[in-house]
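Enquirer: Sequence:
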Amino acid sequence: MHIHRTYRAKILNHSQVERMLDLHGWSASKLWNVANYHSRQVWDETGEIPDDSDLKRELKGHDNYKGLHSQSSQRVLEVLAEAFNSWYGKRKNDSRANPPGYRKKNYYDDNGNRVHEEHPRSTVTWKQKGICHDSKHNHVRLSKGANHKDHPRDWDYILVEYETRPEVTVENLQQVRAVYDKSKGRWELHLVCKHEVETPDAPGTETAGVDLGICNFAAVAYSTEEADLYPGNRLKQDGYYFPKEIAKCDDSGGKEATRLHAKWSERRTHFFHSLAKHIVERCIEQGVGRINIGKLNGVREDENGESKNWGKHGNLDLHGWAFDRFTKILTYKANVEGIEVVEVSERDTSKTCCVCGRADKGQRVERGLYVCEECDAAFNADVNGAENIRLDFNQSNSESAPDLGGDRSTGWLAQPGVYLHDLSHGFSPREQVVNCKP
1 MHIHRTYRAK ILNHSQVERM LDLHGWSASK LWNVANYHSR QVWDETGEIP
51 DDSDLKRELK GHDNYKGLHS QSSQRVLEVL AEAFNSWYGK RKNDSRANPP
101 GYRKKNYYDD NGNRVHEEHP RSTVTWKQKG ICHDSKHNHV RLSKGANHKD
151 HPRDWDYILV EYETRPEVTV ENLQQVRAVY DKSKGRWELH LVCKHEVETP
201 DAPGTETAGV DLGICNFAAV AYSTEEADLY PGNRLKQDGY YFPKEIAKCD
251 DSGGKEATRL HAKWSERRTH FFHSLAKHIV ERCIEQGVGR INIGKLNGVR
301 EDENGESKNW GKHGNLDLHG WAFDRFTKIL TYKANVEGIE VVEVSERDTS
351 KTCCVCGRAD KGQRVERGLY VCEECDAAFN ADVNGAENIR LDFNQSNSES
401 APDLGGDRST GWLAQPGVYL HDLSHGFSPR EQVVNCKP
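Residue numbering for the sequence shown follows full-length UniProt numbering, beginning at 1 and increasing consecutively.
Keep in mind the hints are simulated off the structure, nothing from the lab.
It cannot be assumed that every hint is accurate.
[Claimed, not checked] Simulated pairs of lysine-lysine, DSS-like, Cα-Cα distance not exceeding 27 Å:
no.	residue 1	residue 2
1	129	60
2	104	90
3	129	236
[To be verified] Simulated restraints, written as ranges between beta carbons of each label pair:
no.	residue 1	residue 2	range
4	7	261	35 to 45 Å
5	82	198	48 to 58 Å
6	7	183	14 to 24 Å
Don't be surprised by glycine CBs; every beta carbon is placed ideally from N, CA and C.
Using the sequences and the hints, build the whole thing.
Expert: Shown next as structure tokens:
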């Protein structure tokens, strides 16, 4: 099994390479702006958004494309295309959603005339063809863009000396990202390495289902007749707090706004990693060998494939989630423990009774409560969805639902365990969490 890990590294010869990294960071911003302008023009004229292959074909001969190694330029265009696709999805529900912005800052005189334009130092990514790694001496050569070679005999690369934590071994380097830390005023490297690890045997043959939702970020149902809820309060609190604080900043691209954006991102990342870790630990305890998780389009789209409208606040929450990111983190952590993760359809899982199989959207009588008129079962609505997702594994080779038997409307279905996120200790049972403030 192959896994990718990213290591942060300090640049030891920073004073020698800073100027050249600055030039490449500025080139990345300029290419982003050119591609952004082109994408907006195409959108205005055709109502369609060009994908990354269209952008590469259109801009391959542009002067700003030559400011970076070809693979580095391609990565800038790929990220921009992803950002436009994300905006396209959001605008269906939120007319206030803005397309990806330009990476520049204008300065004006007292008469409103622009006197200076400044580009930020964007992250630059080098893929394998643009990297030459010397693991013995902790050196890495990063290919220059054609526009940054002073003369024909100039070196074609930036020679960077780096330092990682003592316990880190950098091998099988796949990608290098040069990231500018605005708060420190210096560059650092993010080294992406591929490692081959031995996949352990699965903890057992039990199964689990994970349902992602609005009120509870995740609900998990186990075949051992246990269930857990993970409220998304922490994400929602941050989702309201940080945008308001950022809006108070005089300069949206200034130091304070940048610090707030970074802190918000770090807290989201910490939440996702903590949640995935806790779910995997619980799966090991329960002897789970396979996790079913609902496909993302089950949350974002209705039965006709149209984008759902969850209301003003619901849309805000929905757009703040990174379901795909969480699924990838959970998959990675589970696979390392020998647990398979499979995405399954969420269609009808929220309105189908997991006891008798009757489907009726009216059975979810209120948030958090599901009552089945057919079998008189009453239990937690999110656990019901998670259990239906889990049961997809048993129904994969059968057209009819399995004979579940027994009274499943009480106990674990009705009273799942609830875990809240604590900033210091990750997820803990609700009664043990005291630090719930944003």
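Enquirer: Under the constraints set out in the numbered hints, which ones does this structure not fulfil?
Expert: When the structure is compared with the hints, numbers 3, 4 and 5 turn out to be violated.
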